[in-house]
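Trainee: Chains as they are written, first to last, in my numbering: chain A, 1 to 518; chain B, 1 to 122.
A few of these clues could be false.
Unchecked claim - Residues of chain B clear of chain A, computed beta-carbon distances all greater than 12 Å:
| id | residue |
| --- | --- |
| 1 | A40 |
| 2 | C46 |
| 3 | A74 |
| 4 | T75 |
| 5 | I96 |
| 6 | R116 |
| 7 | D118 |
| 8 | G122 |
Stated by the list, open to error - Computed footprint of chain A on chain B; a stretch qualifies when at least three of its residues, placed anywhere within it, have a C-beta under 8 Å from a C-beta of chain A:
| id | stretch |
| --- | --- |
| 9 | 11-23 |
| 10 | 80-87 |
The hints are simulated quantities; they were obtained by calculation from the structure and are not laboratory data. Even glycine gets a Cβ: it sits at the ideal position worked out from N, Cα and C.
In case you want the letters, here they are:
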Amino acid sequence: MKNRPFPPANGTLRDELSDQQPCSPEFQRHLDHLQRFRTLLDHANDIILLVRLDSRRIVDANASACRQLRYPCEILVGMPVENVIDFESLQWPEELEEGAECRTISTQLRRREGGMLPVEMLMCMEEFGDTPYVVIVARDVTERLRAEEVLRKSEWEKGLILESTQELIVFHDTEMRILWANRAAAESVHLTREQLKGRYCWELWHQRHSPCNNCPVVGSVRTGQPQSAEVIDPDGQVWLIRGYPARNAEGEIEGAVELCLDITERKRAEEALRESDRMKTEFISTAAHELRTPLTSILGFSQVLLDPENLSDAERKEFIVYIHQQARALSGMVADLLDIARIESGQGLALKRVFCTAGELVIQLSPFLQGGTERSRFELAITAEATPLLVDKAKMAEVFENLLSNALKYSPPGSPIRIVGEIVGESYRFSVADQGIGMTPEQVARVFDKFYRADASDTAVSGLGLGMSIVRNIVEAHGGRIWVESEPGRGTTAHFLLPLALPEASGKGSNVEENSDR
Amino acid sequence: MLKKILIVDDQPEVARLLEIVLRREDRQLLFAANGEEGLAAARNSCPNLVLLDIMMPGEVDGYEVARRLKKDPATAGAHILVLTAKVREQDRQEAIAAGADDYIAKPFDIIDLKTRVDRVLG
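One chain only, chain A, in its complex shape (with noise of 0.2 Å):
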């Protein structure tokens, strides 16, 4: 049975009438016939119309056409259908054509005022008589337009929020098995989200075959409240999941939401938030100790002098001499303090930059090389002597200062201490060797970090631990670079490099700077 929108314009019927008479019982009947039907199409929702083919008129039109086309009945019926539809869109048939003779379309109907209705339409041809009909049956779709605009829309939110996170997301069901998974949650195991369905979470990302222990997401299914966990994979990544039942309507729980964030870097970040929180502690305790060490001196030392009566006046000497040098350490150990501080808050050393030699830094060193017991230790190589640099004489006598007292601390007495300084490339290098206790490859790794002492518990090693790290930043502030080569039992060596200041520039500078030095 084909499609028959108006069934009963039928040829069998026409004839059927013409051979009757009017007012016969059987017109009536026919004509009541015709009314019930008419009765219905004008009821239908739809749009109903029926157009000649050849002249392209509309010969007939239910109530619902005229009322959503906003014309009266007796207009549009007679009208050329192009008024209604717009022929560009939508292929209109030439001929009859056998075999296709209904198609559904969705397009737009023009009003009478000129509005348009988006409807999904319905073409037929019929044959009545001889005459070839098109039927058009359109649906208003508005409604389900909007609606499905709505939804779109929602759609897009949805994907905009939930694929813009770094989080991974992922819907399960109540067996844990992926129903949908956000962009994030694919790409970090390299699959589609199409792969993911259906997987459970545990062998994909945790690379295991039952639910991790105390998983959140199992959790919430089975308590029905929100849980979170952190989890930590084999292969050291730390997760953060949480996990949300999802109920239906009517409030069962059908699967649950879980939402899985990789806080690998900020547990790295705070475990060395906390590293540094206790060195800082650590080094305020040593800091105190180390303060003590020389106050105990002068204290101890200026209390027996306030009653000098029982000294000798070399011991009066001697006691002064001590008093002095402890003040000394004390004032150099304030001096890193306020060094370190500088740095810390973004500061740096105000550097006085001078021209000098190299030869002139390891001269200026002599009272240091000479002064104490230990002078037989130092061997002096310095190769290229007259190097022009650019550098703040008194910081570099600071530097290197701590790398010998270093050297010192860390060797064995009578053990020999080399200073080597020599041009290589386009820098001047120092290096100060001692054949001391040496450090591992930790030790090494961690020598120029601030409060870092390779050995805290041993005060012998007196200090607060933070002249390396003043030291590395004297160096980088000159434009240079330091490093330290060590090896247990073997010995240590820092390197530094200072780079070379310009010819044209030093003759000059350097003559400026000896001025007004004098």
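We have chain A; now place chain B onto it with these hints.
Mentor: Frame of chain A, contents of chain B only:
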């Protein structure tokens, strides 16, 4: 009778300060610069009083010296006075637990030190 005081401290100027403060006709002062030396000196001379620093170079710190002195019957009778810059409450408790009889924080008041030493030695 001559009373013996053993001073165990790695810092020579502190040892010198203690010498000045504590020297007296009826006392003999002995010095050691680390834990091992301190233990050896204590065994050799059986001091009445040991002034003991805590943080010293070498394997044996002050706590360990105190423990071993109290364990050895030959030295258990010595009065141990810990003298240290480690001044937290837990440091003091550790010193007492190790066998110290008294505890003085550095820097110390020399009158206070003298008083305490005199009380022990009479």
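Trainee: Compare the structure with each hint and give your call.
Mentor: So, going through the hints one by one against the coordinates:
1. The non-interface label for A40(B) is consistent with chain A: the shortest C-beta to C-beta separation is roughly 18 Å, beyond 12 Å.
2. With a cut of 12 Å on Cβ distances, C46(B) stays outside the contact zone with chain A, its closest approach being about 27 Å.
3. The Cβ of A74(B) sits about 28 Å from the closest Cβ of chain A, beyond the 12 Å cut-off, so the non-interface label holds.
4. No Cβ of chain A approaches the Cβ of T75(B) within 12 Å, the least distance being about 24 Å, so the stated non-interface status holds.
5. Its beta-carbon lying about 19 Å from the closest one in chain A, I96(B) satisfies the requirement of being farther than 12 Å from that chain.
6. For R116(B), the requirement that its beta carbon stay farther than 12 Å from each beta carbon of chain A is met, with the minimum near 15 Å.
7. Every Cβ of chain A is farther than 12 Å from the Cβ of D118(B); the closest lies at roughly 16 Å, confirming the non-interface assignment.
8. Distance check for G122(B) against chain A: the nearest CB is about 21 Å away, which clears 12 Å, and the non-interface claim stands.
9. Three residues within the 8 Å Cβ limit are the bar, and the stretch 11-23 of chain B against chain A gives 7, so the coverage statement holds.
10. Remark: the stretch 80-87 of chain B is confirmed as covered by chain A, as 3 of its residues place a Cβ nearer than 8 Å to a Cβ of that chain, reaching the required three.
The structure fails none of the hints (numbered hints given earlier).
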